[in-house]
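Throw the hints in and build the complete structure from the sequences for me.
So the sequences go chain by chain: S, A and L. Going by this note's numbering, the first sequence opens with residue 1090, and the numbers climb by one from there. Going by this note's numbering, the second sequence opens with residue 11, and the numbers climb by one from there. Going by this note's numbering, the third sequence opens with residue 81, and the numbers climb by one from there.
Hints were generated in silico from the structure; no laboratory data involved. Ideal placement from N, C-alpha and C gives every residue a C-beta, glycine not left out. Be aware that a few hints might be false.
To be clear about the criterion: a stretch of chain A counts as covered by chain S if any three or more of its residues have a C-beta under 8 Å from a C-beta of chain S, and this derived list gives those stretches [as the list claims (entries may be wrong)]:
no., region
1, 41–51
2, 70–82
3, 88–94
4, 110–122
5, 146–157
To list a few chain S residues with every Cβ distance to chain A over 12 Å, as calculated [unchecked claim]:
no., residue
6, F1118
7, G1244
8, V1265
9, G1273
10, R1279
11, R1280
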Amino acid sequence: MNAPFYKFGAFGDEASLVIAFVIGTGFGFFLERSGFGSARKLTAQFYLDDLAVFKVMFTAIVTAMLGVFYLSWLGIMDLALVDLVTTNLWPQLVGGLVLGFGFVVGGYCPGTSLVAAVTGRIDGMVFVLGVLAGIFAFGEAFPLVKGFYESGDFGRLTLPQALHLPYGLVVFLVVVMAVGAFMGSGWVERRFARPAAER
Amino acid sequence: MSTVPDAAAGAPARVAAPYMNPYLGGVGLGLVLLAAYVAMGRGLGASGAVTSFVSWVVSLVAPGHAAANGFFAEYLEGGLGHPLKTWLVFEVLGVLAGGFISGALANRLSRTVEKGPRISVAGRLGFAFAGGALMGIGAKLARGCTSGQALSGGAVLNAGSWAFMIMVFAGAYALAGLMRRQWR
Amino acid sequence: MTEFTNTRANHLVDPFLQVWGWEIPVYLFLGGLVAGMMVIAGGAMFADRQRRAGSVLTLLPGLGLVLLSLGMGALFLDLEHKPFVWRLYTTFQPASPMSWGAWILIAVVPALLGALLLNVPAFLRRRFPALTALSEALCAQAAVVRAIAAANLVLGGLLGIYTGILLSALGARPLWNSAALGPLFLTSGLSSAAALAHLATRDRSESEQLARADQRFLQAELALIALFLIGLLTATQVHIRAATLLLGGPFTAVFWVGVVGLGIALPLFLQSLAAGQRIRPTPVGPLLVLAGSLLLRFVIVHAGQLSRWGPV
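Following this line, the structure appears as structure tokens:
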């Protein structure tokens, strides 16, 4: 059992920042490779003719999920040491909704807007400014929303715990759901495809 | 920088390369995410780095106010000696570098505004700013954005992250009709 | 009676040096940049490029003078007893790098002026037509051109190396105590000057030559950084502790991500892709080189001030 390496003291805080940069480079690289530096490609998801966002996101989630699951099953990785953002259900539900609004209005999310900005998209740069403004506004309003922000605290809650199902079963169900969704997405894309003249 | 055009000098013509197969891109992204979990025990993110930056700027302009505000103060203390020396800030520097490299290799670097044909540039930029602001607020309420919560939390089956993810798609689809004019 | 001189119990020196802020790193960066510009200008003049219209040589001497003044201004701001700055020029102390530096900085000015006279930029030609005649007369004399070129090459090299020796002569701060610091700062100055010239030139062959030169300088810089660290790690325990400031200590992340990653490795990668025609040439590489060069000075100066001979 020696992963996550940082938690077992394999390297220090400063080195972890260097690793952050390296990992971030991979992150930005694959985001741009998949076309997520383009607002039009991202929002095509919501008009159902290009479901790349769904495909990339869920493939990534399933890949990492399977990796984490198997590494912990093999005894290489200690799941208890993995950081889990606490579940604060109500603000996360509302926040998700607001984020969804922002996604289709602005055309990006924070990570993809950075990729867009660095490849020259002016709307991406403006979006980043908007994110700065939104976060600033939230910070200023924090004393007012603090109560709501900390409500619905379920602590560290995973789906297996919430659904009272074994971890492995939930992983399996997610994979099944993803495969089914991928097959369905091909059908959806064809059904809602734009006529060639419009593209 | 030479101003002699590429074509005149006999350089290859440059066309934007097609995007990578989404499943391949997803696997690549997933492996990067897995690397983060294996190396650090944490996932990726983006909005946290932006928040560190905002907190730092506020502390420069109004240090007392920043320290008194619970939200900014927490982020100011989060760095390794400096509010900007955080894991996410360095990760974001990497995102910028990696995104640039990919864009350069695929010849997708161009100063442009992504928008549909039925809206003006100014309108698009206005929406971009508004959307960004909504994103900022939503990401802070939910303690993460699509990278941090949906992608990273989703992979470790965090219940809150999955609930968040469903709501993101719900919200976006709900407003898609209204926004059609901007994109189509 | 016995007289003691005690230089401890001075909070500016003990336990850490805390006398240099932003002025000295900025000066070291500008000094290195001007040094590189002079070496490149000298080399270009040896290749007779002063006769070429559109050559970057019309920009380098004038810009060099401006940047040098800014650098010396920063240096002046750092002085404790500013009204006495003129006393630096009433003596020459061969054992003092600072005295060498003061005189090199002064000697650099006529060399730059000479280069400027050989390559008068268009806007000066319009204002002072007499300069055109003078410039042409000088350009016709090959010996004069070679002399000015040599002066720029030699003084540029001295300026670049001295910025490093200025720090490495201070034995009390073990991080700086390396013979590699002089060549490192010179090479960093050369690469930042090549990057700047590559951005500024309108001549395609110059652009390519400068890009290739920048690649060489960046590779040399990596080698010198390695030698610098190896030298420290194979010296005394005190020097090893000083090197740890960059290898696990508080400057690790900024040094390896900022200076080495974004300032050297990424531009190397981008510029080699551009040279191999895999990507369109972009100004991002050279700009990162310039930023990285500045950051290198900041890291070395501030980390060096934290290094010490005393107990941990």
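Going down the list of hints, with the structure as the test:
For the region 41–51 of chain A, the stated coverage by chain S holds: 11 residues have a C-beta nearer than 8 Å to a C-beta of that chain, and at least 3 were required. Look at the region 70–82 of chain A against chain S: 4 of its residues bring a Cβ nearer than 8 Å to a Cβ of that chain, three or more, so the hint holds. As drawn, the region 88–94 of chain A meets chain S at 1 residues by the rule of a beta-carbon pair under 8 Å; below three, the given contact is violated. Counting residues of the region 110–122 of chain A whose beta-carbon sits less than 8 Å from any beta-carbon of chain S gives 10, enough to reach three: the coverage restraint holds.
Proximity of the region 146–157 of chain A to chain S, defined as three or more residues with a beta carbon under 8 Å from a beta carbon of that chain, is established by the 12 residues found. The Cβ of F1118 (chain S) sits about 4 Å from the closest Cβ of chain A, inside the 12 Å cut-off, so the non-interface label is violated. With a closest Cβ-Cβ approach of about 10 Å to chain A, G1244 (chain S) is found to fall inside the 12 Å limit, against its non-interface label. Annotated as non-interface, V1265 (chain S) keeps its C-beta farther than 12 Å from every C-beta of chain A; the closest such distance is 15 Å.
Against the 12 Å criterion, G1273 (chain S) stays outside the reach of chain A, whose nearest CB is about 14 Å from its own CB. At roughly 15 Å from the closest C-beta of chain A, the C-beta of R1279 (chain S) stays outside 12 Å, upholding its exclusion from the interface. Every CB of chain A is more than 12 Å from the CB of R1280 (chain S) (nearest about 16 Å), matching its label as outside the interface.
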